[in-house]
Amino acid sequence: MIFSKILNRWYSNNKRELPWRQTNNPYFIWLSEIILQQTQVSQGLPYYMSFIEEFPTVFDLAKAEESKVLKLWQGLGYYSRARNLHVTAKYIVKVLNGQFPNNYKDLLKLKGVGDYTASAIASICFNEVTAVVDGNVYRVLSRYFGIDTPINSSKGAKEFKQLAQEIIDQKDPATFNQGIMEFGATQCKPQNPDCESCPFQSSCVAFDRKMIHQLPVKNKLNKASKKHFNFLVILSKDQKTILEKRQGKGIWQNLYQFPLIESKKELVHKEIIVALKDHEFLKGNIFEVSLFNETAILHKLTHQHLFTKFWIISVDEIKREGISVNDIHNYPVPILISNFIDDFNF
DNA sequence: AAACCGGGGCT
DNA sequence: AGCCCAGGTTT
Numbered sequence: 001m002i003f004s005k006i007l008n009r010w011y012s013n014n015k016r017e018l019p020w021r022q023t024n025n026p027y028f029i030w031l032s033e034i035i036l037q038q039t040q041v042s043q044g045l046p047y048y049m050s051f052i053e054e055f056p057t058v059f060d061l062a063k064a065e066e067s068k069v070l071k072l073w074q075g076l077g078y079y080s081r082a083r084n085l086h087v088t089a090k091y092i093v094k095v096l097n098g099q100f101p102n103n104y105k106d107l108l109k110l111k112g113v114g115d116y117t118a119s120a121i122a123s124i125c126f127n128e129v130t131a132v133v134d135g136n137v138y139r140v141l142s143r144y145f146g147i148d149t150p151i152n153s154s155k156g157a158k159e160f161k162q163l164a165q166e167i168i169d170q171k172d173p174a175t176f177n178q179g180i181m182e183f184g185a186t187q188c189k190p191q192n193p194d195c196e197s198c199p200f201q202s203s204c205v206a207f208d209r210k211m212i213h214q215l216p217v218k219n220k221l222n223k224a225s226k227k228h229f230n231f232l233v234i235l236s237k238d239q240k241t242i243l244e245k246r247q248g249k250g251i252w253q254n255l256y257q258f259p260l261i262e263s264k265k266e267l268v269h270k271e272i273i274v275a276l277k278d279h280e281f282l283k284g285n286i287f288e289v290s291l292f293n294e295t296a297i298l299h300k301l302t303h304q305h306l307f308t309k310f311w312i313i314s315v316d317e318i319k320r321e322g323i324s325v326n327d328i329h330n331y332p333v334p335i336l337i338s339n340f341i342d343d344f345n346f
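Oh and the first sequence: position 312 is 312 in full-length UniProt numbering, straight run, nothing missing.
The set of hints was computed from the structure by calculation and includes no laboratory data.
Please note that the accuracy of each hint is not assured.
Within a straight-line C-alpha distance of at most 20 Å, the following computed SDA-like cross-link-like pairs (lysine to any residue) qualify [claimed, not checked]:
{"hint": "1", "residue 1": "K319", "residue 2": "F281"}
{"hint": "2", "residue 1": "K68", "residue 2": "S80"}
{"hint": "3", "residue 1": "K90", "residue 2": "L72"}
{"hint": "4", "residue 1": "K68", "residue 2": "T57"}
Derived DEER-like restraints, expressed as beta-carbon distance ranges [what the hints assert, rightly or not]:
{"hint": "5", "residue 1": "Q99", "residue 2": "N13", "range": "31 to 39 Å"}
{"hint": "6", "residue 1": "S197", "residue 2": "K218", "range": "23 to 31 Å"}
{"hint": "7", "residue 1": "A64", "residue 2": "I323", "range": "17 to 25 Å"}
{"hint": "8", "residue 1": "K245", "residue 2": "K15", "range": "36 to 44 Å"}
{"hint": "9", "residue 1": "I323", "residue 2": "R9", "range": "51 to 59 Å"}
{"hint": "10", "residue 1": "E294", "residue 2": "N8", "range": "52 to 60 Å"}
Even glycine gets a Cβ: it sits at the ideal position worked out from N, Cα and C.
Using the sequences and the hints, build the whole thing.
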């Protein structure tokens, strides 16, 4: 029996009921696909619910302030997704009169939409025969066909895209695409795949050769670098503090944080005092410094390990523009900062 | 082609 | 500690 036939049957018996599977509206499908990039359903689902409630249409999203979009995205990570989501919403409203692109080629022009997302929207919403290749599809195809090309190489990307395009169901690409991803997510899992009850077992190359655990092949990634973050939590007698908006290229762009001193080595109390003397908003000011967490908090990102200390700095008054500590919850902040705000009991 | 970009969950 | 995840953009 052909691949897509078995897959279709498996999917109709095993698919999860998810909110974005109740619709073909490209706005909702686009939103769900952006949220689910690099993100598991369990993590993304509550964010999807918040977004469709707050922004029921692309017009509502386009009207919003970026900081509000980032606030709603807070904790989900890869914040360029949220910034691009907002940029694209405004583009669709202002340039395309609210009309969503209805084919792969035009979808690909949207910021934040690459090959995977364009294929997903084009197939699910418009029945276009374009195969999706996400982490699940890589895994399923590499195992089923016994392909050991590294999936995180440009050669692998081409090879698997072409293969997926060859076996996709021409009549129902939407079900095929969603089915193969769902199959990878819940049955042909990275660890402990359920081969015993798998409908593909008899024709799966990796199962036949006992190679399930060796596939897919992935090139090694670089090790995470280590950095030390010292956040300056400035508190004045009139209950004000300072938050700064992160500018530039690096992580957490356009999110807010306490003033930061970054260093390659761990800093102790004495060194912080020295560094503070030069700080513009403390120069000539009398202040006291205490350390909130004696041992640094380790915040792990994919490419960076951040050893973090929060320094509590008491001053009489904040000369520079400060914010009331009561308003601190309104700003979009990295989860690292958000956790501190909760622990500190602002 | 390689680097960069979060955070949570599992083993 | 290492690996995984419903990828895309920048360099």
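Status of each hint after checking the structure:
Straight-line distance between C-alpha atoms of K319 and F281 comes to about 7 Å, which keeps the hinted pair within the 20 Å bound. At roughly 14 Å between alpha-carbon atoms, K68 and S80 fall within 20 Å of each other, so this suggested pair holds. Between K90 and L72 the CA atoms are separated by roughly 17 Å; this keeps the pair inside 20 Å, and the hint holds. Distance hint between K68 and T57 is fulfilled; the C-alpha atoms sit about 15 Å from each other, no more than 20 Å.
Hint check: Q99 to N13, Cβ distance near 37 Å, so the stated range 31 to 39 Å holds. Range check, S197 to K218: Cβ separation about 26 Å, and the 23 to 31 Å hint holds. Between A64 and I323 the beta carbon distance is about 21 Å. The supplied range of 17 to 25 Å therefore holds. Hint check: K245 to K15, Cβ distance near 42 Å, so the stated range 36 to 44 Å holds.
Restraint check, I323 to R9: a C-beta distance of roughly 57 Å satisfies the suggested window 51 to 59 Å. Hint check: E294 to N8, Cβ distance near 58 Å, so the stated range 52 to 60 Å holds.
Violated hints: none; the structure is consistent with every hint.
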